[in-house]
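Colleague: Here is what each chain is made of, one letter per residue.
Number of protein chains: 2
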Amino acid sequence: MTYCVAVRVDQGLVFVSDSRTNAGVDHISTYGKMHKFLGDGERFFTLLTAGNLATSRAVVTKLRRDIEEGADESLATMARLTEAADYVGRISVEEQRKYEKRMKDKKVDTGASFIVGGQVKGQPHSVLLVYPEGNHIPVSRHSPFLQIGEEKYGKPILDRIIEPELSLEVAGRCALVSMDSTMRSNASVGPPIELLLYTADSQRPGSAVTFGEDDDYLRALRRSWQDSLKRAFNNLPTLPLPSGAVRLVDGDR
Amino acid sequence: MTYCVAVRVDQGLVFVSDSRTNAGVDHISTYGKMHKFLGDGERFFTLLTAGNLATSRAVVTKLRRDIEEGADESLATMARLTEAADYVGRISVEEQRKYEKRMKDKKVDTGASFIVGGQVKGQPHSVLLVYPEGNHIPVSRHSPFLQIGEEKYGKPILDRIIEPELSLEVAGRCALVSMDSTMRSNASVGPPIELLLYTADSQRPGSAVTFGEDDDYLRALRRSWQDSLKRAFNNLPTLPLPSGAVRLVDGDR
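For the record, the sequence lines run as chains X and Z.
Once you know that position 23 of the first sequence is 775 in the numbering used here, the rest is easy, because the numbers rise by one and skip nothing.
Once you know that position 55 of the second sequence is 807 in the numbering used here, the rest is easy, because the numbers rise by one and skip nothing.
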């Protein structure tokens, strides 16, 4: 499984991804799912991947080769982010067809999902989700984040906290907590965790941090978060129970 | 869809359930999913239901009838909670078989899941999950809660907070927040929300509260929770970014 999330705030973009892949519980490996392209002041793109690993790696390889070989169409020639999402979707579908043809009768899910985010100079910074079918949807002001993979565990915290006015750094903390919640609830999502903060209108690669298994910061974040939640519970309004119904003890209010 | 959760703490049991049922988005109704039985000082049971509505209602009807008719085997005769879970599982499988026989070739999922909780005098208070297959698992000290239905959104908060030493009332707030997170992320889980707190060793029905669509307490809870989370984020340790990489603004630390 996989969990990747991208957030758009006014100040820029946040990307967070895990690195665990598995084909059954006894076949677990580590693959980064965050791929950065360009960052030359003109264009910057980040790709997050989920789904069939062979498909997603083939797409990344093709994207890199098109740039290196100066193809007529590559991420280096895209005039907008939606064009880039179209292009990624097209390659993804082509790669899936290739495998499906070879495997014919075998029922293998070759589908992959992608998050494409970044900015072309003069255009707004944004994030799009590319479905296995090759089509895509963007973030909006009302839905300023997108997720792929095991998305449910980490969604409530994003739903409650993310808004466009949030600072890039606080949005980054929120995306990390969302990842931490997912790791805790699903063993097939795991470290290293990659985090990238992209500052709007820079078209530069931004700031990347990788957190390993026992990273001090991740542990401090988890502890601090847990403590805050416990305090938060003690400050929530007392349940409106019939009086005397439940014996209240120390710590209750 | 449905979301139900039951928590076991040393002081007692918490049960929370939503009331929305749907067979397609244009076929939504309201059915309580929490059913209380007995509470005579000798035995008290609560049943939470998810899955096929016809199956779960048939099970509830049969449980009530067996008590009323003084059957040889009913919740009123059970010596332990695990016996009660076996009994519920058996009825559930029987009901499913009945429907399946009638429908033959139609592919309808008649399965239902149940949470059975409560206490028989002299026995420990506990909670068990009864699978559609009729078998069951209990809560444990390491996993002091059980969920049925749309469980992923509401799990992280329970994972982080619930422990056996928690007071019954705070455990109740936590289960309600878990429900609120689920409602927010999944439109097919909805009010009225039923909450029940059972005090250990009472074998009495405990304290029940029902929260409607625009309940004042639920709104206050949600607002207070959201504010606390926002504060919590501002107090989390600052991301370990390369210095000067991201412009920190007011509100960042």
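Be a bit skeptical, because a hint or two may be false.
The list makes no distinction among identical chains, and a pair is therefore deemed to hold if it is satisfied within one copy or across any two copies.
Result set (EDC-like, lysine to aspartate or glutamate): computed pairs, CA atoms no more than 20 Å apart in a straight line [as the list claims (entries may be wrong)]:
1) Lys814 / Glu852
2) Lys814 / Glu835
3) Lys982 / Glu917
4) Lys853 / Asp818
Treat the hints as calculated values from the structure; they're not laboratory data.
Colleague: Please go over all the hints and tell whether each is borne out by the structure.
Modeller: Do the hints match the structure? See the list:
no. : hint            : verdict
1   : Lys814 / Glu852 : within (18 Å within a copy, 51 Å between copies)
2   : Lys814 / Glu835 : within (16 Å within a copy, 60 Å between copies)
3   : Lys982 / Glu917 : between (27 Å within a copy, 13 Å between copies)
4   : Lys853 / Asp818 : neither (24 Å within a copy, 59 Å between copies)
Consistency note: the structure conflicts with earlier hint 4 alone.
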